[in-house]
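Residue numbers (my numbering): 1 to 437.
Among the hints, a few may not be true.
[As the list claims (entries may be wrong)] With beta-carbon atoms standing in for the labels, derived distance ranges:
1) R230 / P10: 19 to 25 Å
2) I203 / A278: 36 to 42 Å
3) V67 / A183: 26 to 32 Å
4) A332 / L194: 32 to 38 Å
5) P361 / A44: 46 to 52 Å
Hint data in this document are derived by calculation from the structure and do not stem from the laboratory. Virtual Cβ for every residue (Gly too), placed ideally from N, Cα, C.
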Amino acid sequence: MEAQAAAYPPRGVAWRSTVIAFVLIAIAVADRMAISMLIGPIKAEFGLGDFHASLLIGLSFTLFYVVFLLPVGMAADRFSRARVLGLCLFVWSITTVACGFATGFVSLFVLRMLMGAGEAGVGPCTIGIIGASFPRERLSKPLALQGIGFQVGPAVGVAAAGAILGAGAAGAFDGIPLLADLAPWRVAFILIGLPGLLALLLIPLLHDPDAAHRASRAALPWREVMPFLREHRLLMGLMLLGSGISAMASGTVTGWVPEYLQRTLGVSPAEAGSALGAIMLVTAFVGQGTYAAIVDWFAARGVLDAPLRVGLLPTALSIPLAWFAFSAQDAAGFYALLFAFALSIAPFNAINNTVAQMVAPPALRSSVSALFIFSISILGFALGPSLVGWLSQYVFGEEHLGAAMRLVATAAMAITFVLFVLARKPLLRAMQARAAA
């Protein structure tokens, strides 16, 4: 399998596919997370509390997302990753637009489920294409760009949603057919979903280096994933758990910070969207880019556990930053602390993906990536926002949303730090064994 993957495409082709993957990831996550900025007016129209709102943010999307994640990941390893990704792109874009026509909690919940089914393919397909396009020692930068896409997406989604809410309140859509009769949050879903349909034009430009070996992938039994997991059970167990728990912190930020800014700190939707979008955008590029450069520097000097060794410092810093950020009493102080916290957690996608792609055999890259995304989805984006909503509504009270966010984010990062420390030795052993093979 390694021999088949040895013929990498020209650098320009590889980076073209990486940039397209970045764009598609950003579109997907923008569609997914725009609801966090829109949840206030949705709650008001449908008469929901924080807990039911949290189900729309996280659980609704995650249900079908995790159901389809592993089958789509395996299909991506067996068939054309580009074609699988194109089909998924069409499904999630159409359902995002359809969310603008939801008639109540149940219909919006179902549409979010279908959106999750479509987006199940974006991670496994893009990570698989990137992983097959570069040698292992040069993976950190393209995977960092892929990770940036997962953070740019929420920035674009909340910024666009906030701007559309503000424009709608100012009457910008009056007189426009179809849009004039819709609430601004409905217009936001429609306008945010449309770019994904245009992005279908990018799919033919994707190059999957493994496509020439589709026959060998088709002959690979799906049960081959299990021997790999048994061989690396300690490393994979620690990393899968760490990736999911760390995502609880980022899920808290992307799922609830827009509502926290508006409800607790009195910020307008337009300001909340633009400020949060700017913070996410800058920290994604700076955090992921810096992490990738440092990992490459260490890796070039033979440090086999570089992804985790470098990642421990920002993980440690994120623990106090989470506590103080959600204790801020004014918007300016919150923005500064949130920026620092978001910067500290920015590398986590790159940490998880780099470890997975370094250890996994080429034919299992999409399937192993799907396992990481499965953990991140269940723990981070289903349990995380729902736990915050439950604590806010039933423990602290909805006027103390910040207390619920502070508890979840701080505890998640403390546990993640311990798991990453424990994972260093198994990663080192796995890389030493691969280097000796």
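Comparing the hints with the structure gives:
| no. | hint | result |
| --- | --- | --- |
| 1 | R230 / P10: 19 to 25 Å | violated, 37 Å |
| 2 | I203 / A278: 36 to 42 Å | violated, 30 Å |
| 3 | V67 / A183: 26 to 32 Å | holds, 31 Å |
| 4 | A332 / L194: 32 to 38 Å | holds, 35 Å |
| 5 | P361 / A44: 46 to 52 Å | holds, 51 Å |
Against the hints set out earlier in the document, violations occur for numbers 1 and 2.
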